[in-house]
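**Student:** The primary structure of each chain is shown beneath.
Number of protein chains: 2
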Amino acid sequence: MPDTVEGRDAVDLLERTRSAVDPELRSAVASLPASMRRVAMYHFGWERADGAADTGSVGKAVRPALVLAACRALGGDPHRAVRAAAAVELVHNFTLLHDDVIDEDPTRRHRPTAWSVFGVPDAIIAGDAMSALALGLLAGDPHPAAAAASVRLSACVIELCAGQQADCAFEERPPHEVTLEECLTMATAKTGALLGCACAIGALYAGGGAEEAAALDAFGREAGLAFQLIDDLIGIWGDPERTGKPAGADLAAHKKSLPVVAALASGTAAGAELAELYRGAMNASAVRRAADAVERAGGREWAQLQAGDRMSRAVGELSRAVPDLTAAGDLLSLADFVTRRNR
Amino acid sequence: MPDTVEGRDAVDLLERTRSAVDPELRSAVASLPASMRRVAMYHFGWERADGAADTGSVGKAVRPALVLAACRALGGDPHRAVRAAAAVELVHNFTLLHDDVIDEDPTRRHRPTAWSVFGVPDAIIAGDAMSALALGLLAGDPHPAAAAASVRLSACVIELCAGQQADCAFEERPPHEVTLEECLTMATAKTGALLGCACAIGALYAGGGAEEAAALDAFGREAGLAFQLIDDLIGIWGDPERTGKPAGADLAAHKKSLPVVAALASGTAAGAELAELYRGAMNASAVRRAADAVERAGGREWAQLQAGDRMSRAVGELSRAVPDLTAAGDLLSLADFVTRRNR
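The listed protein sequences derive, respectively, from chains A and B. Here the numbering used here runs 251 ahead of the position in the first sequence, where the first position is 1. Here the numbering used here runs 251 ahead of the position in the second sequence, where the first position is 1.
Derived by calculation from the structure, the hints in this document are not laboratory data. Backbone N, C-alpha and C fix where the C-beta goes; we use that ideal spot for every residue, glycine too. It cannot be assumed that every hint is accurate.
[What the hints assert, rightly or not] Taking CB as the label site, the calculated pair distances span:
#1 A:Ser282 to B:Arg424: 17 to 27 Å
#2 A:Glu462 to B:Arg424: 49 to 59 Å
#3 B:Glu492 to A:His394: 53 to 63 Å
#4 A:Pro284 to B:Arg299: 29 to 39 Å
Build the full structure now, drawing on both the sequences and the hints.
**Tutor:** Given below as structure tokens:
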């Protein structure tokens with residue numbers, strides 16, 4: 252881990268975070284009983300389904316990087332926050348494991364999902380164990396901030412659950428019944444909450460008080476919502492060559508993403524047209540017409556403006572806790588990174 | 252909660268435990284977001300599926316009673332351990348919720364299971380939230396033993412997961428392949444671990460050290476295994492009028508309970524006969540012959556002797572931490588209660 256940060260970009264920072272956090276993460280996962288360990292090792296991309304070592308299709312470690320960067324921004328020693336960073340990454344991965352079961356998703360990070368390899372029971376059980384492992388890891392950390400961080404992390408798990416539940420419930424409801432407000436709350440719970448919690452835990456580990464933790468939490472949440480808005484835009488207009496998904500994948504799947512819900516709630520003729528298209532199956536031509544309708548209904552522009560607005564709110568929140576933003580370079584470059592990925 | 256315990260029996264003690272712990276438990280559950288709260292309220296028997304109040308088919312509160320009784324036995328103030336007792340009961344109920352999903356069980360405590368009422372996704376999500384709620388409740392408890400108790404409780408969740416995983420895996424394997432040793436390990440993880448953890452947490456909340464916590468943990472585990480052995484005997488030879496299940500229900504379901512595995516592993520002709528019966532469907536006559544085969548193979552006697560042996564080991568462990576066993580009256584009467592229920 253670096254002692255100075257200036258001039259290093261986010262990719263480099265994420266790489267160094269992985270080097271710092273992976274040993275802690277691997278040792279935690281290695282402590283699981285064999286039957287759950289193999290599911291977790293597979294999920295993290297460290298093993299193939301047959302147990303052979305794999306070089307990993309591990310995630311980007313954005314959340315652990317936020318823990319360490321927030322700790323550093325508030326003058327703390329990030330070396331002492333490595334265990335907390337590993338706990339946050341475990342929580343993230345436990346929710347992915349269970350979300351894949353619940354959504355019946357066949358692939359994750361270009362590989363078959365854990366439930367599709369090991370079966371639903373083993374995937375549920377491994378997720379349960381990873382959740383308890385994360386909270387136990389933090390509760391057992393001798394750092395004085397560990398108890399406060401544990402309370403935050405467990406509250407965050409509950410909010411992540413609420414987000415996933417709302418997401419499932421939306422899929423069951425007719426498109427016009429889901430309000431933009433509900434959709435933003437869901438996205439905040441599902442994506443913003445853990446980014447915010449990661450930053451808040453970093454602040455607590457730097458010796459920050461409740462006010463600083465709240466400001467860092469708000470920074471992470473707003474940046475997380477910006478990230479989600481950009482992600483939703485990519486899901487409609489992203490370049491298939493860069494995203495690895497067909498054009499308009501989210502529309503073909505009838506996903507009620509933020510630009511779509513904004514368009515449906517716009518009260519425009521284009522919004523009504525979109526609602527009609529969402530009632531039927533979507534071929535390539537329908538997907539093109541739906542993307543066009545979202546744009547004409549103002550959904551694209553709304554999402555772009557919202558993303559910008561959220562990012563400036565994020566920076567505003569951050570400056571409450573870190574008045575001299577030069578100390579927060581890593582946090583800002585991470586926020587910039589997550590809102591620009593794949594564009 | 253009582254200040255003295257002599258002469259009061261376990262049923263009374265459980266009743267008083269519920270009165271002491273229920274407000275804490277209800278307030279924790281009430282803090283969940285609405286979508287998960289309704290599943291939890293239903294699971295605890297506090298609400299009907301439509302949200303109307305229900306008088307509850309709540310469990311017996313054995314685990315919270317063990318927390319409070321262990322705390323009292325070691326000279327602690329059980330009033331200060333009420334939150335820890337609620338956390339243990341939440342963990343127990345989270346595992347029941349997920350086990351019912353995994354085992355596809357249609358009923359629990361004479362009511363439709365939560366997943367069959369609210370669907371699998373909502374049951375998984377509510378269980379995830381209850382698990383985090385339990386660990387967060389304990390981590391946020393200002394009691395000085397809270398951190399050590401949190402570490403124990405999270406390790407216990409992982410052991411419960413291992414037990415459930417082994418249980419599922421056994422059902423997939425041919426009967427003769429499951430060894431008695433594996434089966435005892437599974438029963439210890441699935442039943443003994445949380446009873447042991449409840450006792451250990453009570454010890455920690457009384458200010459007990461690692462040695463006392465270990466002795467109380469071993470007491471709970473051994474008593475838990477005795478309980479499981481008795482429960483398995485009831486599953487084969489229990490009086491249908493008292494158990495509410497048809498005679499030999501576990502045999503009809505091909506359950507690899509401890510007496511059955513002991514019989515299968517006996518190397519006797521009766522054991523081979525049982526293995527043959529377990530290969531086919533079981534009508535009432537086959538169930539009678541299977542019960543007879545378990546008995547002739549020595550499975551019934553083995554389980555009875557083991558149960559007695561485990562109970563005396565439990566008392567031996569207890570006396571390591573509480574030399575004057577008169578102080579441990581509640582613990583002993585709870586252990587006695589769980590191993591005698593429904594007989």
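**Student:** Output the numbers, in ascending order, of every earlier hint that fails for this structure.
**Tutor:** Violated hints: none; all satisfied.
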